[in-house]
Amino acid sequence: MMKMSPGADAIVIGGGLHGTCTAIHLALKGLRPIVIEKNSVGRHASGVNAGGVRQLRRHPAEIPLSIAAMDRWMNLGELLGKHASMCEFVGNIGQIAVAETAADMHPLEERAAELKRMGWMHEELIDRDELRRLAPAVSEHCIGGLISRRDGQATPYLTSQAFRLRALDLGVRFEESTRVIGMDHGARWNVQTSVGAFESDILVNCGGAWGWQAAAMVGETLPRGHFASTLMVTARMPHFLDPVIIGTGRKLSFKQTDNGTVVIGGGIFGVPDLEKETADPVAERLRVSAQTCSILFPVMRRATIVRAWAGLEARMPDDIPVIGASQTAPAMWHAFGFSGHGFQLSPIVGSLLADLIVDGKSPLPIEAFRPGRFNEGILELDPTAA
Amino acid sequence: MSNERHDLAVIGGGPAGMAAATTAARLGLDTILLDEQPAPGGQIYRNIEQLTRDGDLDLLGEEYRRGADLAREFRASKAAYRPNSTIWQTSPDGRIGLTGPDGARMIHAARILLATGAMERPVAVPGWTMPGVMGVGAVQALMKASGVVPDTPVVIAGSGPLVYLVATQLARAGCTVAALLVTTPGSRIAGALKELPRALLAGRDLLKGLAWMNEVRRLGIPTTNGTSHLRIEGEDRAEAVSYGADGARKRIVAELVLLHEGVIPNVQLSLSTRCRHVWDETQACWRPETDEWGATSEERIAVAGDGAGILGAQAAEPLGRIAALDAAFRLGRISQVERDLQAKPERAELARHGRIRPLLDRLFHPAPESLAPTDPDTIVCRCEEVTVGALREAVRLGGEDPNRAKVFTRCGMGPCQGRMCGPTVSAVIARESGHSIQEVGTYRIRIPVRPIPLTALADLVGDEEGLPPGGSTL
Amino acid sequence: MFRRLRMPDGGVTIHVDGRPIAAAIGDSVAAALLAAGITEFRTSAVSHSLRAPHCMIGNCFECLAEIDGLPDRQACLVTVADGMQVRRQIERKTA
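Chains as they are written, first to last, in the numbering used here: chain R, 0 to 385; chain X, 12 to 485; chain P, 4 to 98.
Note that these hints are calculated values from the structure, not bench results. Note that beta-carbon positions come from the ideal geometry of N, C-alpha and C, so glycine has one too. Accuracy of the hints is not assured; some may be wrong.
Said to hold, decoys possible - FRET-style restraints, in silico, Cβ to Cβ:
(1) X:Leu-221 x R:Val-298: 54 to 60 Å
(2) X:Val-472 x R:Gly-371: 46 to 52 Å
(3) P:Ala-25 x R:Arg-132: 36 to 42 Å
(4) R:Arg-178 x X:Arg-83: 54 to 60 Å
(5) R:Lys-81 x X:Thr-385: 47 to 53 Å
(6) R:Asp-168 x X:Glu-300: 39 to 45 Å
(7) P:Ala-25 x X:Gly-202: 47 to 53 Å
(8) R:Ile-180 x X:Asp-80: 55 to 61 Å
(9) R:Arg-178 x X:Arg-16: 26 to 32 Å
Build out the structure end to end from the sequences listed, making use of the hints.
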């Protein structure tokens with residue numbers, strides 16, 4: 000791993016949360032980052048996701064990162080200064096995977112046991128009384144669930160903007176509406192864009208659903224999977240729900256925001272177009288979501304949907320991101336491919352990357368996310384490996 | 012896809028829609044007209060069938076009778092008709108989502124013709140959100156649909172032919188119009204009248220407009236030209252309206268104030284198709300970019316009538332027929348030669364009705380204050396109560412287009428989905444950011460284009476066959 | 004604020020906040036309420052200010068009311084039916 004001198008230039012490709020957070024932490028270490036963003040900061044997944052700040056049911060490899068991230072969410076002022084409140088983060092409301100039947104409880108029980116074996120205590124089984132205490136509006140037939148009590152929610156687009164404003168405070172430069180068209184490494188990196196060339200010492204690829212394209216520009220083949228994740232939101236409703244709810248036997252992610260609107264999503268696919276950079280919701284697929292809401296929360300029969308949208312997300316074959324040094328290019332690192340669950344990790348990944356880039360070492364285990372894993376024919380990773 | 016398929020789906024039951032559906036059916040297209048109202052007529056000919064039955068047409072004027080003929084021809088045609096249908100999706104792939112009395116369903120059409128007409132330009136003045144403040148068209152709709160009229164003195168404020176027409180209609184119905192505050196400068200009205208000889212080629216339209224202006228004078232309705240900076244005053248409902256006139260500030264007590272600064276195309280559905288839209292400087296409005304057949308930049312989507320640009324009810328008919336001819340041609344039912352031949356008389360009629368338009372557009376062009384209010388406390392987004400000041404702050408934080416400003420302020424996130432604030436938000440952001448309105452753009456409009464009850468969505472009739480995949484796993 | 008030009012022949016009865024109101028066949032719920040002298044329909048989301056219909060044709064969403072148990076329906080787009088139950092969505096802020 001290379002050691003970077005203060006004053007070194009850095010280019011971060013991608014102005015989503017991971018790119019912006021990386022830029023913040025590189026700036027804190029004395030580098031001079033430029034963020035190159037083809038649209039506007041937070042335009043895609045970072046700005047339009049469901050806003051769940053979730054530790055619950057993470058892939059074991061992500062758990063250490065998720066816990067560290069949650070510590071940062073709980074102390075956003077340290078990371079974002081005066082911009083912290085813009086995120087509208089609410090923590091400690093809990094996220095609950097609801098079980099309707101014994102068949103639903105079974106995998107939740109196994110999960111709780113598995114985590115305890117690994118030494119993680121943050122996921123806890125709850126019975127029907129506790130479920131009802133936490134979410135009185137839940138349907139009578141629900142029998143319990145699995146909760147992560149520290150979990151919460153935030154407003155994604157505002158969070159993206161808060162990160163951007165903090166980055167600007169630290170002297171990070173943003174080049175929006177600027178598209179990367181090529182890059183080469185001679186003595187330094189030369190990145191060609193739609194508005195001209197930029198030079199830097201290091202290069203970070205936080206290109207989200209387009210991350211594979213930046214990799215391809217340096218001859219590195221990384222998975223190019225993507226999907227359109229759909230959400231819908233209701234008109235304001237009287238307050239009835241504090242925790243965030245996810246389905247177990249059914250696909251659902253469900254939360255009521257501070258202004259009373261209910262945001263509904265969870266595994267519903269829209270129509271993605273990576274080239275046109277559009278993602279459209281599909282009414283026929285939203286139907287199932289609508290049915291599920293009313294089954295789990297009868298009060299939702301009074302709800303009116305006022306808007307639906309979709310976001311473009313990368314998807315990795317093993318559903319966990321790529322984080323680590325490029326296999327082919329010097330002084331280049333990747334952090335993308337969060338497969339629909341990168342939001343909660345956003346305060347930590349950029350920090351780890353900056354440590355990796357400048358100090359040569361990540362303080363948390365990221366071996367599971369190495370870009371090289373797709374060439375190894377190994378998809379089932381041992382989460383206890385360093 | 013659910014089983015229901017048509018060649019042509021016409022959205023909107025006004026003059027353009029009725030004319031288009033009638034023509035398309037005559038040309039042999041399997042046509043359906045979808046409309047949210049219970050009966051045909053759109054806005055201009057609202058409730059025309061009932062009013063004809065009741066013999067109430069005199070109240071509203073001669074030109075109203077044309078709607079009765081159109082409705083009769085439409086009913087007699089082979090076009091299918093689905094009233095009481097809220098349309099919340101019209102996709103470029105031909106999928107249409109609607110909610111009707113029997114629930115929500117998807118239907119499919121090879122071509123979609125949007126004929127959703129116009130809406131009153133939202134007029135954001137201080138106090139405009141209080142009870143007792145309505146659009147001039149709102150009161151006209153009440154009169155047409157239900158025979159309900161004001162029984163308190165009314166102040167009408169704004170510009171455009173409709174303010175004179177409604178003033179006379181209200182007076183004819185026995186209402187008191189306490190004042191007509193015209194925001195058009197008096198000098199501009201005088202100047203327009205100077206163009207009379209040339210504009211008289213427009214014939215009936217202009218004479219009709221002059222007749223309304225004359226009638227207002229004859230009825231002794233106190234009229235002030237060149238008024239500006241309207242402000243509705245009151246604690247929690249309208250009590251008075253103050254305004255600038257002749258260099259002074261004046262005030263009239265009023266419980267009911269009717270605002271109007273012209274009509275603009277209703278672009279919610281056309282925006283949702285992602286077809287190209289332009290900011291039309293002449294009419295100060297957004298409209299879809301269409302060719303002479305009403306075709307848009309999306310292959311299956313066409314627009315006819317005021318929804319493509321304000322040309323009025325009489326121009327809407329030939330526009331509807333022209334679009335229907337093009338649909339028949341594109342679907343291979345008639346040849347290009349046949350299409351062009353049948354379109355000729357329609358284009359001649361269109362030209363006749365179009366002659367007065369440049370004069371009207373110039374005469375009644377809204378004041379900058381009406382397009383983009385400056386008072387920081389004026390509410391721009393009614394649903395979420397977002398003010399000019401809040402928008403200014405959002406622009407400062409980086410919200411340089413309506414979609415970014417939306418997330419900072421929640422403007423456009425309420426039930427009206429940006430209908431009432433869209434044009435004003437674009438204009439205010441343009442002013443605050445120094446970009447043109449065209450550059451600033453509009454809200455991104457997504458389905459459902461009208462809110463849909465969750466229970467209706469849960470019971471949506473429509474299958475997933477033929478839908479594109481949700482993603483790739485390469 | 005509003006009156007009818009003529010009393011309707013026949014008609015229906017709807018219930019507004021429990022109170023019976025006469026309406027004409029074909030009236031929108033919004034028109035029926037205005038004709039009955041109701042000038043406040045709901046309160047706004049943020050400041051709980053009084054609101055009433057503004058456009059009457061389905062664009063302003065100020066006429067939202069709970070109709071037959073379903074909230075947030077546009078009263079100007081719903082035709083009255085005999086026995087219809089309408090509840091206004093009024094939530095005044097307590098001082």
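**OP:** Provide an ascending list of the numbers of those earlier hints which the structure does not satisfy.
**Re:** 3, 5, 9
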